[in-house]
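Using the sequences provided together with the hints, build the complete structure.
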Amino acid sequence: MNCNDIDDLLARGEPLDTGAAEHVASCPKCGPLTNLWKTSAEGLSAEEIEKLRHVATGHLHPVRALPRDRTLVSLIFGLFAVFCISAGAVVTMGAVRRAPAMKLSIFLCVIAACVVLAALVTVQEIIPGAKRRLQPGIAVVLIVAALLAMPLLLFPNFTTANFFRWGIGCLRVGSLCALAAGALLLTFTAKYSSGSVLRMALTVGCLSGLAGVAVLTLHCSAWNVPHVIVWHFGVLAVGIAIGASFGLLVRKVKDRFWMRLRNF
Amino acid sequence: MPVDTARPARSRVTGTLETLMMRYQSADADAGGQLVDALSQQLFQFFFAQVRNRPDAEDLLQDFWLRMHNARATYRPGEPLLPWVYAIAHRTRIDGYRRRRRSNLHEVADDGALDSAAAAPAKQEQPLPDLLKELPASQREVLLMMKVSGLTLDEVARATGSSVGAVKQKAHRAYQTLRKLLGCPA
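Residue numbers (the working numbering), protein chains in the order written: chain X, 1 to 264; chain B, 1 to 186.
Read the hints as simulated data drawn from the structure, not as lab findings.
Do not rely on the hints blindly, as some may be mistaken.
Here are the computed lysine to any residue pairs in the SDA-like style, where the Cα-Cα straight-line distance is at most 20 Å [said to hold, decoys possible]: (1) K103/X with L147/X; (2) K254/X with V55/X; (3) K254/X with R100/B; (4) K51/X with L66/B; (5) K51/X with Q62/B.
Far from chain X by the CB rule (all over 10 Å, computed), these chain B residues [stated by the list, open to error]: (6) T16; (7) T19; (8) P136; (9) A137; (10) S138.
Beta carbons: idealized from backbone N, C-alpha and C, even for Gly.
Have a look at this one:
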């Protein structure tokens, strides 16, 4: 047993066995390191604990624990599907009538898979200390890559006829749908969120952007690569940007409120 | 020479904490009080070691209990409680740091002149060894969760939203830095 082994044991958080304890007892280099944790601040007084009890038990009412991740993801997915079909019915589903059924199905399946990924990240953000099955950064890269691949593989048509005229209309419809979906999702997620406001707003923004993309996929039959990438997927960027701005705004308002409360 | 025991708090509380939390979810105020008794001291040590200022640590602890109260539905019965608790504490610390930094900036702006005393960290009262101050916040937090609060590597990873490997690496680097600061490289 040497000092490096002690470092490894400490880094793994394992208790020291007899050999390690003997080394620590005899080594002038390791003794101080293991004694660092003996010093601590004076604890809380009974009065302070009583105050905290009031904080923790004030306005107490029964709550139901959130269901399992799988159920939550299914719930978000279900809400998403209902929203997209309803919004598609309102703005008309032109693509369903005109686009090739097989290609449209594949595109919708890929969007559905992206929604499942985004929902999984959202659920991870809602539950503190949840096991990280998927890092948010990886999820975003996968979603963007999958979406970009779709028009290139399914309809490699690069015409730019009516690029702005049709495009601005699509962006407007998609952004409005994304805003509505974001508002709907926020009512569900804000109630439980105790983590980072910004990250939560970003994931909700991503999900609502995907809702806009899904509605446009059902609505718009202008299937050419530049139009879909710029104007349809632009809705996803709009959703993420609005989510980030909203998250920053909420965080700033919360911080200001906290500072006023503190000064008061 | 006293030997390091890796999990000081765990042996006292595990087994009952999860049950108390479930009762707390069903609006049992007595269980809530017991949770406060069981967790507040170790959480206070956790916050104090990072902000090194008693009033700030008390503010953070109060903020933590408010958050825990609001988010109690997100605890799932059967899951270990400490990663959930420390994930909320982790976020409370980060938000608290940002607010204090912003608050310090405001105070400086209000005064109209840069006051070095206002920008400097708050006065120490009864700190953990000064050595801990030298560690980056993320490494210090990992060590405190492991050594003061008694969390396992997996639990620290869940609480901080990172992988077990990343936590182990942070702890390892922190110990190497501490060794250098103690003047006893391995």
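Results of checking the hints against the structure:
| no. | hint | in the structure |
| --- | --- | --- |
| 1 | K103/X with L147/X | holds, 14 Å |
| 2 | K254/X with V55/X | holds, 19 Å |
| 3 | K254/X with R100/B | holds, 13 Å |
| 4 | K51/X with L66/B | holds, 12 Å |
| 5 | K51/X with Q62/B | holds, 9 Å |
| 6 | T16 | holds, 16 Å |
| 7 | T19 | holds, 14 Å |
| 8 | P136 | holds, 15 Å |
| 9 | A137 | holds, 16 Å |
| 10 | S138 | holds, 14 Å |
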